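Just so you know, the sequences run in chain order H and U.
Residues 1 to 101 (the working numbering) are what the first sequence spells out, left to right.
Residues 102 to 570 (the working numbering) are what the second sequence spells out, left to right.
Just so you know, the hints here were simulated from the structure itself, not pulled from any lab data.
Don't take each hint at face value.
Taking lysine-lysine pairs in the DSBU-like style, the calculated list, with each CA pair at most 35 Å apart, reads [what the hints assert, rightly or not]:
#: 1; chain 1: U; residue 1: K525; chain 2: H; residue 2: K100
#: 2; chain 1: H; residue 1: K100; chain 2: U; residue 2: K454
#: 3; chain 1: U; residue 1: K251; chain 2: U; residue 2: K525
#: 4; chain 1: U; residue 1: K454; chain 2: U; residue 2: K525
#: 5; chain 1: H; residue 1: K100; chain 2: U; residue 2: K251
#: 6; chain 1: U; residue 1: K251; chain 2: U; residue 2: K454
Owing to the predicted nature of the structure, the values given are computational and were not obtained by experimental measurement.
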Amino acid sequence: MTLAHYLAVAALLFLVGLFGALTRRNIIGILMSIELMFNAANLNLAAFDRFLHPGGVAGQTLALFTITVAAAEVVVGLALLLAIYRGAGTVYVEDYNLLKG
Amino acid sequence: MLNLSLLTPALALAGLALLILLADMLLPRGRERWLAHLAWISCAGVLCLLVRGLGDPAALGRGTLWTVDPFSQFFQTATVLAAMLCLLLSLDYRDLPRRQAGSFSALMLLSVSGLMLLTAAHDLLLIFISLELVSLSSFILAGFERSHPKSNEGAMKYFLFGAFASAVMVYGISLYYGAAGTTRLDAGAPPDPLLILSLLLILLGFGFKASLAPMHFWVPDAYEGAPTPVTAFLSIAPKIATFALLLRVYGAFFPAGRYGLQALLGLLAALTMTIGNFTAFFQNDVKRLLAYSSIAQAGYLMIGLAVGTPLGLQGAMFYSFVYAAMNVGCFAVVQAVGREGGYGLDAFNGLAKRSLGLSLAMAFCLLSLAGIPPLAGFIGKLYIFAAAVESGQYALAVIGVLNSVASVYYYFRIAQRMFLREAKGEPAALAVGPYVYGSLAAAVAGVLLLGVHPEPLIAGVRASARLLP
């Protein structure tokens, strides 16, 4: 396994996430796709840390922070989703059309 | 060197936010309003702390992840000032859930302390964390009127775009780490393709916060749905702090000229101005109209960055300070009018008969946004366009001037309704709270004084346009 393998997997993961975030209609699905994108970044950081800068901690530190922040982000997102679901009764983005112009 | 003491103002504000959260649990019911007062007083205190440190060599220096230089002090002062005025506005805003005044104030303060860290950060780790601190608190603030479907929807759209942009940005940061071997921005990495790609992805994340053109779709929805004081806050504080960050990263650490990004930044500036202004023509909701106007204003600020000269830097700094005053003024009036009549343009019909002072204040702020002399906005635009001409970027200057001319149309649409149209029925006097008057007075005083007598601010900007390496 070389660095290129890890980077390829991460890039693939990022693209899958990007595609999902842009095409999904269900908010839970979009959230999951965004998580994939965050994890692609984490994989990149860990791989660079291991292969290019062994002994360095900056990449791992950043990955730890990313994991934490992504979790916090999901918490806020699900809370907002719950609030909007109570009112609108749907989790599909195309049904949220009060605001336009 | 750790030098944590450099961040005292930001950390003090964060500490006060946590204190407010704690006090929220201990205070008896019905006293939550004290916390809202405590919030703006904390902002005022931190502002005093910041102003005392201006030009004080002991307050400047480098830490492990942060650099406090005159430049960051300038933007911190502007951000805290704007946030204080928005907190004052929120004291007179009726639709916020009363019982949650404590968490509202705490979130505002946390967001401001994130912005203060952002202006001083020189490491992508701190940039990422403070940007997320700002984003997460603003997502919640935008959806604070939970019983209001529009507020929920605006917050949801804001959240989806925000999370997407920060995921792309983090991927960019991970590539930067691979290319430069560190998350520090001052590594002086050579412009190889991987680094350029990472800089582009990071720009996308920053551009989302600063509402630059291809990343601006959330702006009108979030601004229309959010409670008005929060809209005022979102349109000012995160935008100017992100511009400080953009100026630091793409102006000082990675000069756009050396990394071949100059054309892209110019294109973004032109696109942002044009899309903002030309979409604003067709809006019938004041908050939405001002949202598009704020996108256009971000475009003017972007010219200062795209030019990349010291004069452009000073222009962007001057304009962001003035922009804060103009937008606080506009949103104060919008809040006062919207309390009874809603946020449609029709609510402004015959406002001059109901409250001449309010309509004059609104007119001054709008004319200043349009860049009409002798108001502050004119001096700011002059500064920026002069920088573009001086560096030979005539195309940007011409597009900027054409855009300001076009923008006069939609700003005058509001003015025309206030002064020339009749309100439906008998014009009733408008009830305006004392805090709205207070922050409106401060904003209008800024717009007028900086217009006729801009020298003190220009001198301040010149002294502050100094970035430590």
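Check the hint pairing K454(U) with K525(U) against an upper bound of 35 Å on the C-alpha distance.
12 Å, holds
Would you mind confirming whether the straight-line C-alpha gap from K100(H) to K454(U) stays at or under 35 Å?
31 Å, holds
Pairwise hint evaluation, K251(U) against K100(H), where the allowed Cα distance is 35 Å at most:
The given pair, whose Cα atoms are some 11 Å apart, holds under the 35 Å limit.
Under the criterion that the straight-line Cα-Cα distance not exceed 35 Å, is the pair K251(U), K454(U) satisfied?
Measuring from Cα to Cα gives roughly 31 Å; hence the hint holds.
Sort out whether K100(H) lies within 35 Å of K525(U), counting only the CA atoms.
With Cα atoms ~26 Å apart, K525(U) and K100(H) stay inside 35 Å; holds.
Does the structure keep K251(U) and K525(U) at a Cα separation of 35 Å or less?
26 Å, holds
Comparing the model with each earlier hint shows no violations; every hint is respected.
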